[in-house]
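Under our numbering, the first residue of the sequence shown is numbered 357, with each subsequent residue one higher.
Bear in mind the hints are in silico, worked out from the structure with no lab data behind them.
There may be inaccurate statements among the hints.
Unchecked claim - Only pairs whose alpha carbons sit at most 25 Å apart, straight line, appear in this in silico SDA-like list of lysine to any residue:
#1 Lys576 with Ser503
#2 Lys478 with Thr554
#3 Lys524 with Val579
#4 Lys560 with Asn372
#5 Lys560 with Ala375
#6 Lys478 with Val514
#7 Lys358 with Asp561
#8 Lys520 with Asp564
#9 Lys560 with Arg378
#10 Lys412 with Leu459
#11 Lys416 with Glu382
#12 Lys416 with Arg466
#13 Lys524 with Val514
#14 Lys416 with Val398
#15 Lys412 with Asp437
#16 Lys358 with Lys412
#17 Lys412 with Lys524
#18 Lys358 with Asn372
#19 Lys433 with Ala449
#20 Lys576 with Asp564
#21 Lys416 with Arg434
#22 Lys433 with Leu463
#23 Lys412 with Tyr431
#24 Lys413 with Gly464
#25 Lys478 with Arg434
#26 Lys560 with Glu381
#27 Lys416 with His513
#28 Lys524 with Ser503
#29 Lys358 with Tyr431
#30 Lys433 with Ile417
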Amino acid sequence: MKIQILPSLLAADIGNLEAAARRAEECGADALHIDIMDGHFVPNISFGPNVVQMCKKCIKIPLSVHLMLSNPDQYVKRFRDAGADSLSIHIEAECDVPETLDLISDLGMRSGITLNPETPAKMIFPVIDQVDEVLCMTVHPGYGGQSFIADVLPKIHVIRERAKAAGKNLDIMVDGGINSDTAVLCAEQGANLLVAGTSLYALKDMRDGIYQMRQRAAEKLFV
């Protein structure tokens with residue numbers, strides 16, 4: 357298990373998404389994170405399969421797609437066809453979550469389960485054996501640029517300990533308010549996949565920002 361840095365396309369210039377995707381890859385990102393919002397599960401609306409397809413054509417790093425959708429089961433195949441390498445759905449979604457996770461895996465993608473800041477860790481335990489990764493939201497989903505919610509940190513630790521006890525090599529992702537300081541806090545609790553949007557795309561030197569975040573977090577990673 358190692359630290360991976362995933363720039364979030366949501367924080368990029370909406371008029372230059374292809375350039376933003378290329379920039380992430382050229383600056384050493386491990387993967388690109390793409391948030392999909394339906395305006396119902398969360399109040400905002402963002403990208404669709406066409407943006408995932410565009411990214412797949414222009415970069416080679418994996419595409420980590422986060423479905424903030426009320427009914428993600430209806431879109432799994434479309435995002436697989438668009439080029440998603442991993443697909444995360446919410447435990448709070450209005451669908452048969454175990455069945456949808458099985459569908460994601462059956463279609464050849466890494467499967468992930470996401471939980472909102474206020475959702476207890478125990479809510480995902482019934483499906484934790486089905487997934488490759490758990491995404492802990494460290495802000496309320498729907499908008500970029502929010503402040504990090506430190507109350508989520510103990511939940512990350514609980515999930516890491518649960519995975520260790522089960523002998524499961526689980527990736528734990530965090531998304532929301534992640535910068536070089538909060539990345540360290542999350543790594544100390546066991547998070548190894550770090551999604552960062554504004555804190556990376558606002559930098560003149562994204563390459564150095566990714567490097568510094570990765571190095572600082574790796575020194576503190578709890579495994």
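query = Against the structure shown, which of the earlier numbered hints fail to hold, in ascending order?
reply = 2, 8, 14, 17, 18, 25, 27, 28, 29
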